[in-house]
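S.K.: Work out the full structure: start from the sequences and follow the hints.
Heads up: the sequence lines are chains G and W, in that order.
Residue numbers for the first sequence follow this note's numbering, beginning at 1 and rising by one.
Residue numbers for the second sequence follow this note's numbering, beginning at 1 and rising by one.
If you're looking for bench data, these hints aren't it; they were derived computationally from the structure.
Fair warning: this is a prediction, and the values are worked out from it, not measured in the lab.
There may be inaccurate statements among the hints.
Any copy, or any two copies together, can satisfy a pair, since identical chains are not distinguished.
Unchecked claim - DSS-like mimics (lysine-lysine), calculated; alpha carbons at most 30 Å apart, straight line: (1) Lys249 x Lys23; (2) Lys6 x Lys170; (3) Lys313 x Lys42; (4) Lys138 x Lys42; (5) Lys42 x Lys189; (6) Lys292 x Lys214; (7) Lys65 x Lys208; (8) Lys289 x Lys123; (9) Lys292 x Lys6; (10) Lys138 x Lys313.
Number of protein chains: 2
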Amino acid sequence: MTFTYKNVYINETGTVVGPYEKKGPLNNYFDRSHDEFYFGTKTWEQAESKLIEEAVDITLNKLGKNRFDIDLFISGDLLNQLVASNYAASTLNIPYLGVYNACASSVEGLLLAANMIEAGQVKHCLCAASSHNNAAEKQFRYPVEYGGPKPKTTTFTTTGAAVAYVTYNKKGIRIESGTVGKVVDMGVKDAYQMGAVMAPAAADTIFKHLQDTKREIDYYDLVLTGDLGSVGKKILVDYMNTEYGIQLKHYDDTAAMIFDLENQEVYSGGSGPACAPLVTYSYIFHQMKKHKLKRVLLVATGALMSTTMVNQKLSIPAIAHAVSLEVVE
Amino acid sequence: MTFTYKNVYINETGTVVGPYEKKGPLNNYFDRSHDEFYFGTKTWEQAESKLIEEAVDITLNKLGKNRFDIDLFISGDLLNQLVASNYAASTLNIPYLGVYNACASSVEGLLLAANMIEAGQVKHCLCAASSHNNAAEKQFRYPVEYGGPKPKTTTFTTTGAAVAYVTYNKKGIRIESGTVGKVVDMGVKDAYQMGAVMAPAAADTIFKHLQDTKREIDYYDLVLTGDLGSVGKKILVDYMNTEYGIQLKHYDDTAAMIFDLENQEVYSGGSGPACAPLVTYSYIFHQMKKHKLKRVLLVATGALMSTTMVNQKLSIPAIAHAVSLEVVE
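M.R.: This is the structure in structure tokens:
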């Protein structure tokens, strides 16, 4: 399902990150970086909520707007019941829609906002996505204090929040089109192999997007997945080639960009709903505004992993949503 | 945020329920009722997913359509990571968007579908919502085998799935308008008082809807909340009166309709994302088609409750979304 848009723009963004991202190669591009994991709160879950609030405030401050100027707040995160988003929304007093497609939630939000902006149903929308390493580890694996070893194929959940102000005003980055993905389940049951779980979903959505828009892959200066990690990235390149006959030449993955994989202990790279939009709204948008990149296909990939279902020996389904981004001349 | 629609209709629905709902007063209106909780699966979570699949199949069969005729599947449930929706979507091979606003997810889905249908962005959409009593109890409270006693203010999660086919074809029930709610947190910390948590959110959304549409409450033959329960229902009537000066005369709540509160051990009534759409798509639509009801304001209320945040002594935020439903003459 591909939508095309004529009048949808991301005018402004806000990005806030934690200590690992601060030590990563993209730190200069983020709006705010923290040295610890609590940000004045007492728990990791509340800390994640705080990250969203900060990213919203930063975005609004840059715009010279306040929350009453915003029609709609769309947000998603990894925590059970989307608590990071819910408690942030609770402080905002803006009509709110919670979305969940795991780490594809950021682009799910952009797609919904873009559809409503394009139709004139909404004028000013904030789309948020967040994740918190310690909160995610505690919920999905073990508390970090436990110090359990993990295989190299594991990804390392990003701590941060990314917010986009989506509107009809022609400025910043244009959302030119968007593709809603299908759930793809290739039978992988290993919860430490998220790259393998998600790569086929990314391939399916990229292929569908190209088919629907009648484009060749080279139409894009960059295809950017987030977050397959260094392992999943290789799987995607192989899989696109062997299954679809498509060569991913101008391709990167946000998991491998937000951290220094050589020198930081982050396994195969970053993950979490925040990772793809953090990299995109900071470094990628900077490159686009400098005209080093003109057309970018952002493909957010989500492993719909649940500890309950993994314990029941079910395989892990995945989904990917894509948006085509263009710099406004 | 209120949207108005000119060309959005629910042409068909599918409803499947479990044993308690089967013994309830509305059983004759449901498409399928089960006598036990597993439906051929081995776990309650997989059983909930199965309910969605069955409700989708029933809807498509009634329409004489198959899954390839559907553009988009929007679904939400109570389980962590929305596993019931995800695994059902995995069998469908339809572009999928997961939504979560707890028990307001059903109307969240309808609103998103309605916006896209109205704008011509999507033509054929299936919106689902599900819940499963045993799966929800296990996740949010105690496994049912534990047999823990509960206060009378508790609600009893509905077992079932409800699916609506939303399209532009003028037939069935019209979605005339819809209001996206804000998160409201009145400081209630008691996880056994969901009615008290949600009633102020329902009031806020009803008031905003009337304000945005410049309507009096008597415009509607019925205001239908779901699910405040018998306790929350009284709170809403009082609160609307004292806070907004609005008398809720033609008013009911789906929690009190799906079960026989006198003779079934269900505390203050049904709950779960499935309850409101199950009652609406079966009994209420039947009444509308018989012209006993012409205009219904369906207000789905969600307690954004998380055991993690309740354990951290935070209060419980709530949200409500509304759609105005009219029978097609």
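S.K.: Each hint needs a verdict: does it hold in this structure or not?
M.R.: Hints, one by one, checked against the model:
Taking the shortest alpha-carbon separations for Lys249 and Lys23, only the intra-copy value of 29 Å comes in at or below 30 Å, while the best inter-copy value is 61 Å. Within a single copy, Lys6 and Lys170 get their C-alpha atoms as close as 10 Å, and across copies as close as 28 Å, so both meet the 30 Å cut-off. Taking the closest pair of Cα atoms, Lys313 and Lys42 come within 30 Å of each other only across two copies (11 Å); inside a single copy the shortest separation is 35 Å, beyond that limit. With identical chains, the CA atoms of Lys138 and Lys42 are at most 30 Å apart both within one copy (15 Å) and between copies (27 Å).
In this assembly of identical chains, Lys42 and Lys189 lie within 30 Å of each other by CA distance solely across copies; the values are 18 Å between and 35 Å within a copy. Within a single copy, Lys292 and Lys214 get their C-alpha atoms as close as 24 Å, which meets the 30 Å cut-off; across copies the closest is 50 Å, which misses it. Within a single copy, Lys65 and Lys208 get their C-alpha atoms only as close as 38 Å, which misses the 30 Å cut-off; across copies the closest is 23 Å, which meets it. Taking the closest pair of Cα atoms, Lys289 and Lys123 come within 30 Å of each other only inside a single copy of the chain (23 Å); across copies the shortest separation is 36 Å, beyond that limit.
Taking the shortest Cα distances, Lys292 and Lys6 sit within 30 Å of each other inside one copy (23 Å), while across copies they are farther apart (44 Å). Proximity of Lys138 and Lys313 under a CA criterion of 30 Å is satisfied in both settings, with 21 Å inside one chain copy and 18 Å between copies.
When the structure is compared with the earlier hints, no violation turns up for any of them.
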